[in-house]
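Undergrad: What follows is the residue order along each chain.
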Amino acid sequence: MSDTAPSQLTTLFDNSTLNQIERMRLKPNRRLTNRARGEHLSGKGGSSTDFADFRDYVAGDDLRYVDWNIFARLRRPYIKQFQHEEEMHVVLLVDASTSMLFADKMLRAKQLAAAFGIMGLQNVERVSAYAIHARQDQPWMLPPGAGRTRIRKLLKFLEGIEGGGNIPIEKAIETMLRFHRGRGVAIIISDFLTFGDVSRPLNLLYSAGLEVWGLQVLAESEIHPNVQGDLRFVDSETQETLDITNASELLNVYQDQRIWLQNALHSMCRSRQGRFMSVSSGMTLPTILFEHLCRQGWILR
Amino acid sequence: MKLPGFVNLFGAWFLLALIPLIILYFLKLRRPKMEVPSLALWQSVVNDQRVNSPFQKFRRNLLLLLQILLLCLLVLALMQPFFQADAEVAEYKPLLIDCSASMSATDEFTGKTRLELVKERVRAQIDNLTGDQRISLFAFSNTGRRLTEFSNDRRALLKALEALQATDMPGQLDDVLRMAAAYTRTFPIKTVTILTDGNLPDQVDFELPFSLDVQRVDAGGPNVGITEMSARRSGPEEWEVFVRVSASSVDLRGAELQLWEDGEQRESHQVEVSNEESERLVFPVTARQTKPLEARLVPAGFDSLAVDNRVWLTLPAARPLKVWVSPKLASWRHAVRVQPNLDLEESETAEPRGAEYDLLIIDEDGAGSAEAPVQLFVGVVPSDLQELIKVEEDVSSVVDWNRTAPMLRHVQLADVQIGEQPRLAVGAATKDLEERGYEVLIDGNAGPLMLQRREGLSVSYWFTFHTDRSTLPYRVGFPIIAANVVEAALKQASLSEVVAAATGVLPPISVDANRSYTIRTPDGETLSAEANVAGTLDGIAASRVGRYDVMDGSNIVTSIGTGLLSGTETSLKPVEELRFSELTVATDEAKQLDSDKPFWWFLALLAFGVLMFEWWYFQRARGVMV
Numbered sequence: 022m023s024d025t026a027p028s029q030l031t032t033l034f035d036n037s038t039l040n041q042i043e044r045m046r047l048k049p050n051r052r053l054t055n056r057a058r059g060e061h062l063s064g065k066g067g068s069s070t071d072f073a074d075f076r077d078y079v080a081g082d083d084l085r086y087v088d089w090n091i092f093a094r095l096r097r098p099y100i101k102q103f104q105h106e107e108e109m110h111v112v113l114l115v116d117a118s119t120s121m122l123f124a125d126k127m128l129r130a131k132q133l134a135a136a137f138g139i140m141g142l143q144n145v146e147r148v149s150a151y152a153i154h155a156r157q158d159q160p161w162m163l164p165p166g167a168g169r170t171r172i173r174k175l176l177k178f179l180e181g182i183e184g185g186g187n188i189p190i191e192k193a194i195e196t197m198l199r200f201h202r203g204r205g206v207a208i209i210i211s212d213f214l215t216f217g218d219v220s221r222p223l224n225l226l227y228s229a230g231l232e233v234w235g236l237q238v239l240a241e242s243e244i245h246p247n248v249q250g251d252l253r254f255v256d257s258e259t260q261e262t263l264d265i266t267n268a269s270e271l272l273n274v275y276q277d278q279r280i281w282l283q284n285a286l287h288s289m290c291r292s293r294q295g296r297f298m299s300v301s302s303g304m305t306l307p308t309i310l311f312e313h314l315c316r317q318g319w320i321l322r
Numbered sequence: 035m036k037l038p039g040f041v042n043l044f045g046a047w048f049l050l051a052l053i054p055l056i057i058l059y060f061l062k063l064r065r066p067k068m069e070v071p072s073l074a075l076w077q078s079v080v081n082d083q084r085v086n087s088p089f090q091k092f093r094r095n096l097l098l099l100l101q102i103l104l105l106c107l108l109v110l111a112l113m114q115p116f117f118q119a120d121a122e123v124a125e126y127k128p129l130l131i132d133c134s135a136s137m138s139a140t141d142e143f144t145g146k147t148r149l150e151l152v153k154e155r156v157r158a159q160i161d162n163l164t165g166d167q168r169i170s171l172f173a174f175s176n177t178g179r180r181l182t183e184f185s186n187d188r189r190a191l192l193k194a195l196e197a198l199q200a201t202d203m204p205g206q207l208d209d210v211l212r213m214a215a216a217y218t219r220t221f222p223i224k225t226v227t228i229l230t231d232g233n234l235p236d237q238v239d240f241e242l243p244f245s246l247d248v249q250r251v252d253a254g255g256p257n258v259g260i261t262e263m264s265a266r267r268s269g270p271e272e273w274e275v276f277v278r279v280s281a282s283s284v285d286l287r288g289a290e291l292q293l294w295e296d297g298e299q300r301e302s303h304q305v306e307v308s309n310e311e312s313e314r315l316v317f318p319v320t321a322r323q324t325k326p327l328e329a330r331l332v333p334a335g336f337d338s339l340a341v342d343n344r345v346w347l348t349l350p351a352a353r354p355l356k357v358w359v360s361p362k363l364a365s366w367r368h369a370v371r372v373q374p375n376l377d378l379e380e381s382e383t384a385e386p387r388g389a390e391y392d393l394l395i396i397d398e399d400g401a402g403s404a405e406a407p408v409q410l411f412v413g414v415v416p417s418d419l420q421e422l423i424k425v426e427e428d429v430s431s432v433v434d435w436n437r438t439a440p441m442l443r444h445v446q447l448a449d450v451q452i453g454e455q456p457r458l459a460v461g462a463a464t465k466d467l468e469e470r471g472y473e474v475l476i477d478g479n480a481g482p483l484m485l486q487r488r489e490g491l492s493v494s495y496w497f498t499f500h501t502d503r504s505t506l507p508y509r510v511g512f513p514i515i516a517a518n519v520v521e522a523a524l525k526q527a528s529l530s531e532v533v534a535a536a537t538g539v540l541p542p543i544s545v546d547a548n549r550s551y552t553i554r555t556p557d558g559e560t561l562s563a564e565a566n567v568a569g570t571l572d573g574i575a576a577s578r579v580g581r582y583d584v585m586d587g588s589n590i591v592t593s594i595g596t597g598l599l600s601g602t603e604t605s606l607k608p609v610e611e612l613r614f615s616e617l618t619v620a621t622d623e624a625k626q627l628d629s630d631k632p633f634w635w636f637l638a639l640l641a642f643g644v645l646m647f648e649w650w651y652f653q654r655a656r657g658v659m660v
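In the order they appear, the protein sequences are chains A and B. Each number in our numbering corresponds to the 1-based position in the first sequence with 21 added. Each number in our numbering corresponds to the 1-based position in the second sequence with 34 added.
Since the hints were made in silico from the structure, they are not lab data. Each hint should be verified, as a subset may be incorrect.
FRET-style restraints, in silico, Cβ to Cβ [unchecked claim]:
{"hint": "1", "chain 1": "A", "residue 1": "E261", "chain 2": "B", "residue 2": "A51", "range": "34 to 40 Å"}
{"hint": "2", "chain 1": "B", "residue 1": "I57", "chain 2": "A", "residue 2": "Q249", "range": "22 to 28 Å"}
{"hint": "3", "chain 1": "A", "residue 1": "E270", "chain 2": "B", "residue 2": "L37", "range": "37 to 43 Å"}
{"hint": "4", "chain 1": "A", "residue 1": "R316", "chain 2": "B", "residue 2": "I57", "range": "57 to 63 Å"}
{"hint": "5", "chain 1": "A", "residue 1": "Q249", "chain 2": "B", "residue 2": "L43", "range": "42 to 48 Å"}
{"hint": "6", "chain 1": "A", "residue 1": "N273", "chain 2": "B", "residue 2": "L43", "range": "46 to 52 Å"}
{"hint": "7", "chain 1": "A", "residue 1": "Q249", "chain 2": "B", "residue 2": "A51", "range": "25 to 31 Å"}
Some chain B residues well away from chain A (every beta-carbon gap over 10 Å; in silico) [stated by the list, open to error]:
{"hint": "8", "residue": "N95"}
{"hint": "9", "residue": "P440"}
{"hint": "10", "residue": "E611"}
Non-contacting residues of chain A with respect to chain B, defined by C-beta distances greater than 10 Å in every case (computed) [claimed, not checked]:
{"hint": "11", "residue": "P49"}
{"hint": "12", "residue": "A167"}
{"hint": "13", "residue": "K174"}
{"hint": "14", "residue": "G181"}
{"hint": "15", "residue": "G318"}
Glycine is no exception: its CB is placed at the ideal position from the N, C-alpha and C atoms.
Construct the entire structure; sequences and hints are all you get.
TA: Right under this line is the structure:
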């Protein structure tokens with residue numbers, strides 16, 4: 022955990038980072054919003070006071086929106102459009118299975134989830150959070166809510182996740198969708214190390230009107246494992262074993278498989294109008310947020 | 035190509051060690067556990083086709099395979115494999131090593147003797163000896179001797195081999211082959227190997243009971259040597275000394291022949307000889323007293339063999355032949371008297387006055403106590419043949435005679451009439467006479483007419499009929515017989531001809547009877563010998579060229595020099611074929627001594643290499659384990 026001082030708002034990051042995060046907002050590829058009014062700009066014309074654009078008049082349009090000044094000059098009716106701000110639902114899925122307890126993966130996942138959540142709440146989006154773990158004594162869901170007052174609840178929820186268990190990510194997504202209502206962005210923060218098929222839950226998310234953002238957090242030892250000799254690997258979640266002979270000879274194949282998995286996940290997310298990025302838990306949060314995610318266009322400063 | 039054989043087949047049982055090895059390998063595979071977040075990626079790695087390729091599978095079990103290979107190599111080495119020689123595998127191998135004088139011939143360029151080359155081959159054979167093989171070493175020159183029993187004890191065999199030295203005697207195969215043949219009754223000997231330079235008599239009187247493998251080393255360099263030395267009396271005190279010098283090379287080679295007398299060089303001659311053109315030189319020498327001579331040859335260039343460059347010859351003191359003829363044998367007296375250099379005792383008494391003569395011609399009255407190395411009995415049947423030969427009053431004639439006997443040389447006996455008839459007793463045969471040491475020189479129609487008997491240095495001739503009762507004294511052959519008997523006496527007394535002694539056995543030496551003497555050899559060794567009743571030292575081995583001093587205490591009684599005196603050895607000429615009674619065996623120079631070649635050491639070396647590779651492969655630095 023971070024060595025944040027007790028005066029800090031959260032133990033996940035310090036206040037200066039929090040201030041920077043509060044000035045940022047999410048930038049989804051698609052404008053999947055709820056009808057409820059919010060601060061997220063809809064692609065459709067709205068009824069706000071901010072002018073957006075003109076368009077040709079078609080029969081049935083409300084005559085109140087006809088720009089008469091232009092009609093007087095051009096003798097053709099144009100409809101005046103205003104920006105429409107709708108509420109977007111931000112769903113945070115934090116993988117808290119045992120595999121995430123290695124190195125700083127869990128901490129980095131919680132920090133990222135907190136950052137995304139704060140960005141959403143600061144911009145009057147509805148934010149809900151789900152933790153994927155098998156601990157009965159810990160909360161696993163933060164119901165949707167909006168408003169800056171939810172920030173403290175969100176942080177408390179995230180700070181309380183300790184993780185454990187072996188619930189696969191695909192099963193957790195299906196469970197989450199049973200409770201979720203609303204369109205927006207689903208941000209899945211996980212290591213995506215699963216034996217199951219991820220494409221189905223991604224389809225379900227897409228069908229549910231959620232833009233899928235996959236953020237893979239891997240430990241440095243997973244990205245560049247340094248192993249040699251004959252080893253017996255033990256799965257931290259299932260306790261299953263796998264005998265590896267002369268592991269150092271297989272590292273090239275391992276890297277190929279890891280990159281293949283990243284590419285596959287990236288492809289799955291892109292094909293669903295989503296995004297995917299793999300980061301190392303060894304990276305600091307500001308580095309991930311302000312360099313990688315900003316540069317990739319995930320968030321706006 | 036023959037499959038390799040194994041000396042220790044029981045070593046294959048150690049292959050059972052593969053079972054515990056494999057068990058231990060899998061027990062050893064208690065891999066260190068390492069917890070990973072998820073096996074998902076590693077499972078994909080294991081399922082990857084590349085990891086499951088045959089090569090990768092091989093690499094996965096490389097350690098086990100290397101250990102199995104290592105064990106197999108060690109077990110194979112333990113089984114002592116060997117490549118079988120092309121020759122038939124023989125468990126008992128007699129190796130007959132030529133140690134004749136020509137084997138000490140050196141090569142002009144390498145300086146190695148023939149015997150050293152043979153030793154190298156035999157040493158390799160001994161080193162490659164496999165467990166069930168036994169070698170017996172024999173050495174031969176003019177006779178054979180066994181150096182070792184059949185043994186696979188390398189140390190004993192090598193020790194015997196290293197102690198082997200070339201002798202100064204010519205080579206003869208007969209004895210050693212008979213010796214080897216005697217072993218075929220005890221051991222299953224299939225092949226006998228002869229290692230020689232091929233300088234052997236090409237005719238061998240022996241029936242081979244085994245196959246013979248004759249392997250020869252190349253001949254030595256050019257050689258010049260003395261092959262003959264003898265002297266013939268040319269006057270009362272004059273001698274003609276003959277020396278023959280021969281060479282081995284085709285080209286003429288020069289040498290200086292020196293004649294030494296009492297340690298002083300008397301004469302010298304330059305000679306030029308080749309293998310087809312020997313030179314015979316004559317040196318006139320006057321000798322009133324006993325005179326030792328030595329012929330030395332000083333070759334102009336390289337000389338391969340040194341032992342044939344010195345020969346000794348002792349000329350006896352000049353004196354007339356001392357003869358006594360029984361007074362009743364007037365015909366013989368007349369016939370003998372005309373011979374030169376003769377001291378015929380003129381007396382009418384029945385017995386000789388002296389005790390020692392060179393020749394006694396005796397009738398039935400005998401010669402009393404007088405002794406001579408040559409005795410001719412006329413009309414006398416030897417006392418030990420009295421029961422076998424009876425002389426009857428009848429006429430007999432000569433049926434056949436030994437024309438090559440020195441006594442009957444140039445004698446015609448065909449028409450001789452004899453008034454007596456020596457007859458063999460009923461049931462007696464010539465074989466019975468031979469068993470008693472007699473040789474029949476003249477056969478009559480009923481029995482032997484003339485006998486010869488050699489006893490030590492003396493020889494006796496017996497006319498079983500009285501010559502005066504035959505027509506023999508009237509025949510031309512009679513004075514010839516008288517001359518022959520005088521010549522025999524002269525030779526026996528060394529008064530007409532002396533021949534240099536060759537190595538092998540010293541000629542009989544006349545000394546005091548029943549006394550012990552010491553013989554000092556050219557090597558400085560001393561031998562003890564006992565003179566027999568007749569006062570003769572005989573049967574003394576002389577394997578080295580040089581002077582042999584016969585000593586009575588510290589006094590030198592007499593000296594005899596021996597030389598190689600073998601044209602065959604000096605010629606260094608190898609025979610291409612050895613002709614046996616019914617078989618001819620080729621001698622092969624290119625053929626090497628074929629032996630089984632063990633290669634357990636190669637397998638052991640390979641195992642060590644595998645061990646090193648395994649150590650390197652699994653211990654090389656690979657960074658830090660997570």
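Undergrad: Mind listing which of the numbered hints don't hold for this structure, in increasing order?
TA: 8
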